[in-house]
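Visitor: These are the residues of each chain, in order.
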Amino acid sequence: MEPEEQPPAASEEPTEEVPETPAQPEEKVPEAQPGTEEQPPETPTETEDQPPETPATLDSDEVRIGAFICHCGTNIGGFVDVPAVVEYAKTLPNVVYATDNLYSCAEDGLASIRDAIKEHKLNRVIVASCTPRTHAPLFQSVCEEAGLNKYLFEFANIREQCSWVHMKEKEEATQKAKDLVRSAISKAALLVPQEEMRVDVVPRSLVIGGGVAGLSAALSVARQGFDVHLVEKEAELGGFVRNLNSLSLAVKSAAETIKPLIDDAMSHENITVHLNSQVEQVNGFIGNFDTTIVTDGSSKEVKVGTIIVATGALEYIPEGFYGYGMYDNVVTLTEFEILAKNHKLPKIQNVAFIQCVGSKGQDKSYCSRICCGVSIKNALYIMENYADIVGEEGGGRVEVDVSVPEISSRRRRRRRITSAEGPGAPGGAPSGGPEITIFNRDVVTYGAEHEIYYNKAREKRIRFVRYSLENLPKVKLEGEKLAVSYFHQTLKTDRKLLADMVVLATPLVAPPDASELSKKLKVPLGQDGFFLEAHMKLRPIDFATDGIFVCGTARGPADITESVAQGLGCASRAAIPMARGFIQAEAILAQVDPTICTGCGTCVENCPYGAIRMTDEGTAEVLAAACKGCGCCGATCPEKAITMMNYTDEQLLAQGRSILEGVP
Amino acid sequence: MTEFKPKIIGFLCNWCSYAGADLAGVSRYQYPPDIRIIRVMCSARIDPMIIFTLFKEGADGILVGGCHLGDCHYISGNYHTEKRAYVIEKLIEKTGMEPERFRLEWISASEGERFSKVVGEFTETIRGLGPSKVKEDPELETKIGAAVGTTLSFRIRALLGHEIQMAEGGNVYGEKVAEEELQKIVDQAVEVEFRRNHILEIASSKPSSAKELSQVVGIPPDEVVNHIATLRQKNLLGIDHIDGMTPFYVALLAGGD
Amino acid sequence: MSTDVMVIGGGIAGIQASLDIADKGGHVILVEKTPSIGGRMAQLDKTFPTNDCSICILAPKMADCYSHPNIDVMTYSEVIGVEGDAGNFNVNVLKKARYVDETMCTGCEECVVKCPVKLPNEFDQGLGERKAIYMPFAQAVPRVVTIDKENCIWFIKEKCGACKILCKREAIDYDQKDEEVNINVGSIIVAIGYDLWDPTPASEYGYGKYPNVFTGMEYERMINASGPTGGEMQRRSDGKRPHKLAFIQCVGSRNPQLGHAYCCSVCCMFSTKEAMLAREHHEDIDSAIFYKDLRAFGKGFWEYVERAKKDYGVRYINSDATVQENPKNNNPIVVYDVAGRPEKEEFDMVVLATTLIPRSDAVKVAEMIGIPLTQFGFFESKDRILGPVDTKRDGVFLAGYCREPMDIPESVAEGSAAAARAVETVLEKGVSV
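So the sequence lines, in the order shown, correspond to chains A, B and C.
Those letters in the first sequence? Residues 1 to 664, per the working numbering, in order.
Those letters in the second sequence? Residues 665 to 921, per the working numbering, in order.
Those letters in the third sequence? Residues 922 to 1354, per the working numbering, in order.
Partial list, computed: chain A residues near chain B (C-beta under 7 Å): (1) Thr602; (2) Cys630; (3) Cys632.
None of these hints come from the bench; they were simulated from the model.
Note that the structure is a prediction, hence the values are computed from the model and not measured.
Just so it is clear, CB atoms sit at the ideal spot from N, CA and C, and this is done for glycine as well.
Given these sequences and hints, build the entire structure.
Guide: What follows is the structure, encoded as structure tokens:
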């Protein structure tokens, strides 16, 4: 392959020319002269000479701020004139050093910060780059490595809140970046070092939900040597899988397949199983959660260090779709599994599966991930077990006895209504093998094995018919059969097939009590109603709140293998603080000035964490380990006796003023 | 003519609205560049004093963003924010400043698009209003100064501090106070404290007689006299000089509740 | 006996596994074959469905991992032998000579500028060039250069030596030798990721024959700001930027004839992302995605596709597709069918979503460790349902794409899962971490 003419990473953007970054080759690469003594010309790179090992000084009153402005490749540099921001930063009060980095977060960028702290005796550092929500810890630890207290660091967000949202206004974006840098510098000048508290971690986990994900999590936490309290709402462990007849790739039935998991959990000495139980109350914070577990009306207090949410999902009830609730033999996938498991399937020869019922832009916006695989599994099950179409136990009417999800009562009601009317299942033994059609919008058999099942299904002459949202199939009763009419996309004609049973593949949905639990735990739900992880890519099973984790279908549709992997993953995440035995609490705390405090108690009343108490001297006192640093108390203290460290009135006003003044 | 570029400050809570603003960035939802964001851990951190101080210093608009009610990372912080916003809005009304210059919004971490829309709308609104008149209208400046004073008064702060408790848990006698009742108490407190602070603000720039104060503040002289008495009692107001029979009052810096 | 854990593969799954164990106080040896950790994720421009910049979110983790006091990162190293059992594995690691003293090199790249040998850059899929002494990519960790012995003039002719002369820190060491290190560990995690299938043999797609047909990873490097073209899409034929892009899905995958019957799990989404990014680069770009089944099955994925359609004007065409070329302008012509009727459409660039295949050395690794492979060549789980990250060999665990096609968050979750199992193992073997 011809190499490109252009040198790597070069671009027409002038901002790309970062003088401090030696990664960019010069235009002409001179031929090296072997054997010559000649030394290369000196280039003032940051990394070349190690600065003398002098620790950053904090003893003097002199504020020495270093400002590091990041290009983030072209993410910032392409829309903000970074060198201009650097030059501007150099003119601001207390700034003794300012430079730019191609990537501040990369090893060379971090090294340049470390080196500059030492070389220029910086005692405050600001980085203008992406968001403090993801990158503050990294830059703070670099400050610490260079001997600077990490609370002497301040962030300016010039990417998410500047370059990326003003992509067409370079001048304005540059001005804004300057303002944000100025604002950060004005706060930095007022920062004071803070010490962090160490808080012990209770070596015990609470796992909420006894399905496959929760069981896997509980067992792994237990095997890593910590106590586990496993709370299950139902009278049995096993969760949603208990509904199922079979599992893809499994030889045994669904119940038998997961039995070892249940047995291990029940017998493990580190695991306390609470059946018929719910988590009533959760207070506290990572390492020290006070929880209340209620079992049959009686409650028990359990103190835990970490919490794993594995509350699962339910199947969407397709009220109003395709004659569900109107016609017998129109069932959901899970109802089908229950019937098959209980050997209650009627005589069926022609079966239609309809995928994406209520999902992908209908009632629910998402694709439920697993339903195509489940439908194919069940289609193959029919093919393999109903080849001679006898039906089970005489066949006939579909009676779903659902005992698992909460939806059971609603379902029974529906059945009662319809059982009074309508014909039973088709009678008479039809000839030939089963004929199965799967109406789909895309067959989502992702990964290795699911695709093989899809191929197998096609080999077995299971028909896959594509439909679109604009042209949904319709289900009507014709005599004793269900007529499925649909639009044939290739032939461009309306067609019809007669089926004995229509199986609706509906999405997994968040259980209705998820929102209540999310409030108790103070963790968020996403727009789809499932629990929302801290970061979609790199923190998929963590919550933003420390010490709480999520796995399985509680965080979104997942198959059994994925649920197990996530459960184990949560066990790993939860074991981290417990294995360490302590956590380092943030130092952003409320601080009461006892000389101003009159002991009115307003703060004690308002603190949501019970983190303020009255001392014997009649003044308020903050319990550092419990304080989360929200600052609510400070903003309402009638005497203004409470200061929020790192977010003081002076600091916030300095930031605001510096934005308004527009001049240093 | 140079285009008006408003100075808009956005105070956003770290967990929801700041994350929403980040998401707007990650998703590249474009919005006008005039807003400058200051991150706080919780919207409840934002002391109303800060809002009025920044208005006094020329902010054209201030946006406060918090988690949706019920979603607060700190459980209930945003309920406090809501109560404070009410007082802020009441006070803005009293100063005569355009109420649209202050806006409170609940924006979640997943509402990047909404964040960009809110900022877009708010910026449009502020552009429509034009620059803040604080710097060119001494009367307005005085009134906003009075609002700053009001937010620092013990009575308002204590009320804000206890309001939620009074509505939910009852007052010191265990009596729950009805929402309308409470609002009336707050309205009245804001009214009185604002007037007193208005008097102080005027008297701090120039020694004034009760008659002058009555004219500027726009309330009957006897009411002014009452306020003067209270303020003198609190050592906030003193007599600068007496011209004939008329005392001229001046604000005392060393005063306090 | 040892409580240490060896992680083979420094991609995102391996990094996550290492960090999880190290954060618990366990000691980790992370062995990475290439000169830098980061893996495939480091090559990606953005990630779906948030369009987060990939290296931006990865770089902090790479730095954390490398600087973690409990993690020994061995880059440019390969596992060449495994003996023993769970709790007591003896692993032979070949530490390849990079001819640069890692402790002395500051990554200033002065030597790279002066090196006269130009070679295609693997990290940029050969689109850009690197030197015989090189930094694998801008954000590489460790930030240390490596000499490519095969192509270095010093090693070929004993001439040049420019890098050694230039290096003020005397980090260049031509006499460095490959080194074999024996390491005793209690548990092993295999997280070696995937390779990219070369679509040249499948002539119907015209890759290698028609200059303006690219692979997804080539495109990914091209649109990356720190890539070979500085973020500009450029046609191979004339260097011009394209206006009309076609993305063809399942090139080589879901295709038993070509040997890859499985679905790669991520291509529908990365092509959607790539089409969206094209529009972000240039508003006048028209993109069409030719797909068999649109598999947008993760959290927020279907919504992402809807957004691509609605806000980015991406066209989705449900059809198999092959490629021809208009010889006049080197424009690829996509041949497909709609409702059974053949259609043609001319584009000026085609991007192929090629199969992500097991690593070329997966067979070797499997044999060495004694774990079986699946029919597709991925490492086989002990129990595909309840023990996905376990292998048939006690104490050896799997994470990420080398086990089963999956996306980044799943690889991260599995990295953690494998970490949990590895820690359980070393605890069970009687010594506490």
